[in-house]
Amino acid sequence: MCGIVGLYLKNSVLESQLGELFEPMLIAMTGRGPDSAGFAIYGDEVGDDMIKLTLQHEDEHYPWHSLAEILEEEFNTAVSVMHNANAAVLKLSAEEMPVRAAITDFDDSIRIMSVGHSIEILKEVGLPQQIAERFTLSGMKGSHIIGHTRMATESGVTMEGSHPFTTGMDLCLVHNGSLSNHNRLREELKKEGIQFETENDSEVAAGYLTWRLREGASVKEALEGAIEDLDGFFTFTVGTKDGFAVVRDPIACKPAVMAETDDYVAMASEYHALSTLPGIENAKLWEPDPGKVYFWGKG
Amino acid sequence: MEFDLKTQTVRDVNQALHDLPKDQETEVVVNNISGDHNLAVGMDQPAKITLNGHAGYYCAGMNKEAEIVVNGNVGQGVAENMMSGKVHIKGNASQSAAATAHGGLLVVDGDAAARCGISMKGVNIVVKGSVGHMSAFMGQAGCLVVCGDAGDALGDSLYEAHLYVKGKVESLGADCVQKEMRAEHIEELSALLKQAGCDDNPEDFTRYGSGRNLYNFKVDNTSAY
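As given, the protein sequences belong to chains G and E, one line each in that order.
The working numbering runs 411 ahead of the 1-based position in the first sequence.
The working numbering runs 1483 ahead of the 1-based position in the second sequence.
Hints are supplied without guarantee of correctness; some may be wrong.
[Stated by the list, open to error] Straight-line Cα separation of at most 20 Å, SDA-like style, residue types lysine to any residue; simulated pairs: (1) E:Lys1677 to E:Met1545; (2) E:Lys1489 to G:Asn693; (3) E:Lys1573 to G:Leu425; (4) E:Lys1489 to G:Leu425; (5) E:Lys1489 to G:Gly442; (6) E:Lys1489 to G:Gly643; (7) G:Lys421 to G:Glu671; (8) G:Lys695 to E:Glu1653; (9) E:Lys1573 to G:Lys421; (10) E:Lys1651 to G:Leu688; (11) G:Lys652 to G:Leu425; (12) G:Lys695 to E:Gly1593; (13) E:Lys1573 to G:Ala694; (14) G:Lys695 to E:Lys1677; (15) G:Lys695 to E:Lys1651; (16) G:Lys703 to E:Glu1653; (17) E:Lys1573 to G:Glu692.
[As the list claims (entries may be wrong)] Chain E is nowhere near these chain G residues, computed Cβ spacing over 12 Å in every case: (18) Ala479; (19) Leu503; (20) Gly550; (21) Ser566; (22) Pro666; (23) Ser686; (24) Thr687; (25) Glu692; (26) Leu696; (27) Asp700.
Hint data in this document are derived by calculation from the structure and do not stem from the laboratory.
Each residue gets a CB set at the ideal place from its N, CA and C atoms; glycine is no exception.
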């Protein structure tokens, strides 16, 4: 099982309602994934010389300002901090890798959920409704968002095994399905320097895409490579800074349905999750073909 | 009789449908469907049911005798294991339409996705659009009529289902072969097209059927398994 939902707004007027439109889509997929849920939202973009990190910690009252002070000192720059439940979004003018190292040095129990100019990843164990409420999803703004509701099959119910998985700057992956060659592939990817935190199969798919993108592949090329190199069942949705991509394995056991109007492009594991979108009754509806990479976005 | 899924549950609707009398034909309309699963499953009486909206999985599954029209799309497994009656989808159908169905008629006005008619056992299926890959896989009996194109591996491991395709076939599955269109096939196809309300010319279709080489295990055929 597992449920996937994605919403890309073509009409920027709706950006202030992104979270409000998306929340019922995520909650509609509770039946497919009641164990954990998460989403990656894109918006509130920072300038090219800055980065934005989403961090999470088990402690709801984690002293993020202490971390910010350390980073301000080390990188000699202002650091803005925005709290959201047990997560924080930090914005600063610095390079990704040194900032990652500084955060881990400060406290290795901080989880770096995402790094980019636009992306924020928030996820947690629990029912989709609880996660939506915890992070006040309905009030969020942005240009596009993808989400996942998980029914755990390949590994335990943990925050680390929850989706979306980050796959690089402003990139993330959600997966419905199960992979059968993930153990061997994980070992091969480790040799390429990709790090893994869990025994989860989807994390391997994320690691695979991270590796391909790092080696210079485009999102389309990386996903076409995934069709060849990943064995098993999958519907993937990949979030990028500009939009999102959808691909299903060639056998296509895992469902996906798409909807498009003048205002948005949406995808979901089941139509049920699209039924609350405005104008859905007149939307163009279709199933993405197996083994084909689709992309919607700016440019 | 009318139902509204904004205020009623699928369970309520299905229970009311199952409670309909078996000796008379009742007309039923269900409004405001929004992807709900298992609608109008297990019918065992001659009702005329209209479903307004897009239905979810297994719509009209196991249907016997009822005539069910969906004014919208349907999810996976529409009319799975249908025994008799008629199911008419005005939009598109997702995967495994009429899977394992023994009888009756399924008409899809749009496209049907992968595995349409998988393991069909006597149902007749008319798809006015195209069908996805592995359609009629292990089809045993009945007819699959496709007015558009068929995806990869049509009729793989086919038994005695009759397949008629008007458009292009991406590829034929193991032991599925093109066959001659004889008078009895034109007659069979004409009747099905008429029942489905299609005005396509039966002469424009190509028939495919079993090569009958995979019925029993032969060691020479190992590579085909």
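Consistency of the hints with the structure:
Taking the CA atoms of lysine 1677 (chain E) and methionine 1545 (chain E), the gap is about 24 Å. The hint is violated against a cut of 20 Å. The suggested pairing of lysine 1489 (chain E) with asparagine 693 (chain G) holds, with an alpha-carbon distance near 19 Å, which does not exceed 20 Å. Only pairs whose Cα atoms come within 20 Å are accepted, and lysine 1573 (chain E) paired with leucine 425 (chain G) is rejected, the gap being roughly 32 Å. Taking the CA atoms of lysine 1489 (chain E) and leucine 425 (chain G), the gap is about 26 Å. The hint is violated against a cut of 20 Å.
For the hint pairing lysine 1489 (chain E) with glycine 442 (chain G), the CA-to-CA distance comes to about 19 Å; that is within 20 Å, so the pair holds. At most 20 Å may separate the alpha-carbon atoms for a hinted pair to count; lysine 1489 (chain E) and glycine 643 (chain G) exceed this at roughly 38 Å. Between lysine 421 (chain G) and glutamate 671 (chain G) the CA atoms are separated by roughly 10 Å; this keeps the pair inside 20 Å, and the hint holds. Distance check on the hinted pair: lysine 695 (chain G) and glutamate 1653 (chain E) sit about 25 Å apart at the alpha-carbon level, beyond 20 Å; violated.
With a CA separation close to 29 Å, the supplied pair lysine 1573 (chain E) and lysine 421 (chain G) exceeds the 20 Å bound. Restraint check for lysine 1651 (chain E) and leucine 688 (chain G): not satisfied, since their Cα atoms lie roughly 36 Å apart, outside the 20 Å limit. Only pairs whose Cα atoms come within 20 Å are accepted, and lysine 652 (chain G) paired with leucine 425 (chain G) is accepted, the gap being roughly 18 Å. For a cut-off of 20 Å, the pair hint linking lysine 695 (chain G) to glycine 1593 (chain E) stands: about 13 Å separates their Cα positions.
Pair hint lysine 1573 (chain E) plus alanine 694 (chain G) holds up; C-alpha atoms about 16 Å apart against a cutoff of 20 Å. For the hint pairing lysine 695 (chain G) with lysine 1677 (chain E), the CA-to-CA distance comes to about 29 Å; that exceeds 20 Å, so the pair is violated. Only pairs whose Cα atoms come within 20 Å are accepted, and lysine 695 (chain G) paired with lysine 1651 (chain E) is rejected, the gap being roughly 25 Å. A C-alpha spacing of about 15 Å is found between lysine 703 (chain G) and glutamate 1653 (chain E), which places the hinted pair at or below 20 Å, so the restraint holds.
In summary, the hint linking lysine 1573 (chain E) to glutamate 692 (chain G) is supported, as the alpha carbons are separated by about 14 Å, within the 20 Å threshold. Alanine 479 (chain G), annotated as away from the interface, keeps every beta carbon of chain E farther than 12 Å; the closest lies near 45 Å. Residue-level check passed: leucine 503 (chain G) sits 43 Å from the nearest beta carbon of chain E, beyond 12 Å. For glycine 550 (chain G), the requirement that its beta carbon stay farther than 12 Å from each beta carbon of chain E is met, with the minimum near 25 Å.
Every beta carbon of chain E lies more than 12 Å from that of serine 566 (chain G), the smallest distance being close to 26 Å; the non-interface claim holds. Interface exclusion of proline 666 (chain G) from chain E breaks down, the closest Cβ pair being 7 Å apart, not more than 12 Å. Distance check for serine 686 (chain G) against chain E: the nearest CB is about 3 Å away, which does not clear 12 Å, and the non-interface claim fails. Taking the minimum C-beta to C-beta distance to chain E, about 8 Å, the non-interface status of threonine 687 (chain G) is violated against the 12 Å cut.
Chain E draws glutamate 692 (chain G) into its interface by the beta-carbon criterion, the shortest separation being 8 Å against a cut-off of 12 Å. The beta carbon of leucine 696 (chain G) is not kept farther than 12 Å from every beta carbon of chain E, the shortest such distance being approximately 6 Å. For aspartate 700 (chain G), the requirement that its beta carbon stay farther than 12 Å from each beta carbon of chain E is not met, with the minimum near 8 Å.
Violation of the numbered hints given earlier is confined to hints 1, 3, 4, 6, 8, 9, 10, 14, 15, 22, 23, 24, 25, 26, 27; the remaining hints are satisfied by the structure.
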